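Visitor: For chain A, the structure is supplied; the task is to place chain B on it using the hints.
If you read the protein sequences in the order shown, they are chains A and B.
For the first sequence, the numbering used here gives the first residue as 14, with consecutive numbering after it.
For the second sequence, the numbering used here gives the first residue as 5, with consecutive numbering after it.
What the hints contain is simulated information worked out from the structure, not anything from laboratory work.
Predicted model only: the values in this text are computed from it and were never measured.
One thing to keep in mind: the hints can contain errors.
Lysine-lysine pairs mimicking DSS-like chemistry, simulated, CA-CA at most 25 Å apart [what the hints assert, rightly or not]:
{"id": "1", "chain 1": "A", "residue 1": "Lys60", "chain 2": "A", "residue 2": "Lys104"}
{"id": "2", "chain 1": "B", "residue 1": "Lys32", "chain 2": "A", "residue 2": "Lys104"}
{"id": "3", "chain 1": "B", "residue 1": "Lys18", "chain 2": "B", "residue 2": "Lys61"}
{"id": "4", "chain 1": "B", "residue 1": "Lys18", "chain 2": "B", "residue 2": "Lys51"}
{"id": "5", "chain 1": "B", "residue 1": "Lys32", "chain 2": "A", "residue 2": "Lys105"}
{"id": "6", "chain 1": "B", "residue 1": "Lys51", "chain 2": "B", "residue 2": "Lys61"}
Here are some chain A residues the structure puts well away from chain B; computed CB gaps all over 12 Å [to be verified]:
{"id": "7", "residue": "Thr72"}
{"id": "8", "residue": "Val83"}
{"id": "9", "residue": "Asn142"}
{"id": "10", "residue": "Leu143"}
Ideal Cβ positions, reconstructed from N, Cα and C, are used throughout, including at glycine.
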Amino acid sequence: MSFFTKVARTAFNIKARAPARWYATEASASTSGLRLSFVLPHQTIYKGVEVQQVNIAATSGDMGILASHVPSIEQLRPGVVEVIENANATKKFFVSGGFAIINPNSSLDINAVEAFPLEDFSPEAIRANLAEAQRTATSGSSEEERNIAKVEVEVLESLQSALGSK
Amino acid sequence: MSFAWKAAGISYLKYTQICARAVRNALKEEQRLIAQRRDEQGLKFAKWESGKQGELKPIDSAMGNVSV
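Bound-form chain B, shown alone:
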């Protein structure tokens, strides 16, 4: 059983997030504003090297691919 997104290289988690975002953006005005708050991800990360914190990067919910 192969799924289209698996063949395209997207994980199931990312696939469901994309679908959820597509549904949220299709709502009527007021519902959409409430729903889009769920889409935000305030997650940031930084790579530490030899005791020094590197650049603080946010995780982009749209692309989701974290490039370290």
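Isolated chain A, as found in the complex:
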């Protein structure tokens, strides 16, 4: 039996059974906006709230998420998550890290370890901690201590610039 008849026969048989495979449906024009759930292990900041846009600091770059965004999973770097609820209300949070999951149904889940509004931070504490971390990063006693300090320097510098450009 030639290859083509074999394939044609199998194709015919498949058509007779229930479909075993689905293809992605086209994204329907969403009438609703972006649904945001922004949660921490110990606190829920937003749960299923409709917002206009969310700007996140992902490891792959800064992104602005609107409704009907391409589905994606993004790792967040320590940085600012900006929630634009509507034209008048914008809230900024500094996030220590986590993940943002953009779902096909225009819902966005942000899971972070720690997140606080920018007003909750103390610039003096940041300056002091940054100075100490920079010191340990160069003159720490063990490789591990230095690496930990380098991570802290990165986080604190990002925090400092977030507060600076408020």
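Guide: The following block gives chain B in isolation, referenced to the frame of chain A:
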């Protein structure tokens, strides 16, 4: 896709914990006190050998490396 912390030998979990701790310590006074309570780990462990419990050691949240 290689990350800086992976190259430095730190796991992702430890990396996120370090970042979280750095953020907590940068807060204003009252927020910080509440947040730092989340950092404490009251976990202790002891190695058992031939039926006898060894020394009870706490897990240090700062370093996190458990040396048995």
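Visitor: None of the hints should be skipped; say for each whether it holds.
Guide: Going down the list of hints, with the structure as the test:
{"no.": "1", "hint": "A:Lys60 to A:Lys104", "result": "15 Å, holds"}
{"no.": "2", "hint": "B:Lys32 to A:Lys104", "result": "19 Å, holds"}
{"no.": "3", "hint": "B:Lys18 to B:Lys61", "result": "19 Å, holds"}
{"no.": "4", "hint": "B:Lys18 to B:Lys51", "result": "23 Å, holds"}
{"no.": "5", "hint": "B:Lys32 to A:Lys105", "result": "17 Å, holds"}
{"no.": "6", "hint": "B:Lys51 to B:Lys61", "result": "9 Å, holds"}
{"no.": "7", "hint": "Thr72", "result": "8 Å, violated"}
{"no.": "8", "hint": "Val83", "result": "19 Å, holds"}
{"no.": "9", "hint": "Asn142", "result": "6 Å, violated"}
{"no.": "10", "hint": "Leu143", "result": "9 Å, violated"}
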